[in-house]
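S.K.: What follows is the residue order along each chain.
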Amino acid sequence: MAFGPFLLLATLEGLLQAAVLTLTALGLSLVFGVMRVVNVAHGEFYMLGAVFAWWVASMFGMHPAVGFFVALIVSPIIVGAIAFASERLILKRLNYDPESTIVATIGMLYIIQQTTLLTYGPDARPVPAPFYYRIQLPWFGYSGYNLFVIVAAIVMLVAVWFVLSRTRLGLIMRATQFDRETAQAFGIPIERVYAFVFAAGAMLAAIAAVLIVPIRQAHYLMGLDPLLLSFIVVILGGLGSLRGTVVAALLIGLSDGIISVFFSPTLAKMISTLLVALVLVFKPEGLFGAKAR
Amino acid sequence: MLEISDLDVYHGSSQTLKGMSLTLGKGEVLCLLGRNGAGKTTTLRAIMGLARAQRGSVRLDGAEISTLPAHEVPRRGIGYVPQGRRLFSELTVRENLEIGLMTRRSPRRVLDEALALFPRLQERLGQVSGTLSGGEQQMLATARALCIDPSVILLDEPTEGLMPSMIATIRDVIVTLRDHGKAIVLVEQRVEAVLSVADRVCFVENGRAQATMPVQDLRDDPSLLSRYVGVG
Ligand SMILES: Nc1ncnc2c1ncn2[C@@H]1O[C@H](COP(=O)(O)OP(=O)(O)O)[C@@H](O)[C@H]1O
Ligand SMILES: [Mg+2]
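For the record, the sequence lines run as chains A and B. Numbering follows this note's numbering, with no gaps: position 40 of the first sequence is 40. Numbering follows this note's numbering, with no gaps: position 85 of the second sequence is 85.
Treat the hints as calculated values from the structure; they're not laboratory data. The structure displayed is predicted, hence computed values, not measured ones. Hints may contain errors.
[Claimed, not checked] Chain B stretches covered by chain A per the calculated footprint, using a threshold of three residues with CB under 8 Å from any CB of chain A: (1) 64-72; (2) 75-84; (3) 129-143.
Ideal Cβ positions, reconstructed from N, Cα and C, are used throughout, including at glycine.
Please put together the full structure from these sequences, using the hints given.
M.R.: Spelled out as structure tokens, the structure:
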């Protein structure tokens with residue numbers, strides 16, 4: 001294949017990577033921004049999203065599309081409910097203390113991971129894509145489902161942006177993020193906001209996972225990579241900045257996809273990590289981060 | 001209508017309020033005077049439920065409010081203008097006011113009343129509040145508190161860091177609020193500003209109310225000031 005088409009293919013791979021990463025990292029960023037909680041278990045919510053997708057899809061097996069779209073709704077809801085319950089039972093009781101919650105979410109990571117291993121097992125299991133359609137370009141064929149994932153991620157992003165910037169709920173979340181004490185003094189029940197945000201953050205990861213599972217399969221260890229990449233993205237973009245998160249996810253996802261295609265995935269990870277190190281040296285608050293308040 | 005008795009508040013192991021007691025009558029302006037670190041801000045935060053009292057009570061019209069979750073306190077009709085204003089400075093003027101309005105069922109009327117006091121804000125609704133001048137920020141902080149349609153207003157050093165012309169404006173607003181029948185707790189360092197608006201003054205020292213008196217007593221005997229606050 002000539003260089004031009006090869007670059008196009010690599011870019012499409014990168015966009016797919018970026019789409020899924022943006023959604024996942026956005027969830028992590030939202031939770032950190034509003035609650036100041038570093039959710040180490042975030043990748044496990046992603047993994048659960050994929051595993052529940054397999055479970056739902058195998059129950060509604062009459063047609064792949066039915067199974068998939070039911071999973072796209074049901075799986076994030078289950079994951080959101082689990083996140084909500086763990087917020088109420090664990091994080092709230094720790095009073096959202098930054099250090100304790102790190103330790104607690106590390107615990108959650110292992111509990112979720114091992115429970116999945118015990119029940120779902122060690123195998124990687126596929127979920128059929130809702131449709132197979134190859135877009136035939138002059139140089140290569142490209143999966144229509146991959147394009148669907150990219151478009152779906154963009155739709156989700158726009159939805160999140162809309163909620164945050166145009167609705168009353170978004171205003172409440174931004175006020176809580178900005179100054180929780182003053183928010184309370186104006187009647188905002190910040191604990192309810194926290195529970196909602198934690199569940200919503202987990203649901204974003206779960207949606208990303210359901211979208212990717214027809215391409216990547218569901219496996220109990222699949223949460224580790226997205227967790228690492230999401231952390232890189234959130235730090236690179238600037239802690240708590242959603243715009244920064246989106247830009248950084250695009251950057252990391254695209255470069256990861258492109259470098260993986262041209263060279264190797266390992267080199268891609270090395271370059272991403274190096275990029276973060278460089279940004280942190282020259283701009284410690286991240287690309288879009290606010291200076292510490 | 002607001003009755004605070006025997007409040008103890010701790011920050012870690014150090015005790016900030018030591019049996020703080022105050023009362024505020026309907027439509028009254030009570031001014032808290034005292035050195036930095038005396039516990040004035042903490043008293044207001046304790047009323048709002050933002051600082052938790054280990055002991056003592058805060059009653060509003062007879063009902064205990066110190067055990068309520070903090071977000072319930074404004075719903076009972078206490079508006080808070082924190083020290084340093086604490087605006088949501090990345091949000092617009094309108095958004096700051098909307099947050100104030102969240103507890104209210106008829107936001108339109110309350111907003112119009114609040115904006116009627118501050119025509120300058122009306123012109124700047126779309127502006128990001130962090131870019132307002134100091135005086136305008138104080139107006140916004142006050143308007144935001146009025147948006148909850150409070151019967152009691154807590155004002156913590158509203159003239160801090162403002163130009164003299166602005167101080168007069170803020171004082172006029174306090175007079176207007178008093179004339180509207182709002183009960184006000186005012187923390188203020190500028191004694192001359194206080195004398196003209198307060199009904200009673202309370203000297204706060206070491207986390208408790210050392211003495212409370214009608215403002216007339218302070219006018220008659222300015223030496224009280226140097227005794228309690230060390231200025232004058
Ligand atoms: N969040 C806090 N943590 C620790 N100490 C505090 C905190 N807030 C206030 N204090 C202490 O409580 C005392 C009273 O503070 P404050 O109520 O702000 O006084 P004032 O408003 O009268 O200047 C001060 O000594 C201050 O150091
Ligand atoms: Mg103070």
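S.K.: Okay, which hints does this one fail, numbers in order?
M.R.: Hint check: 3 fails alone, others pass.
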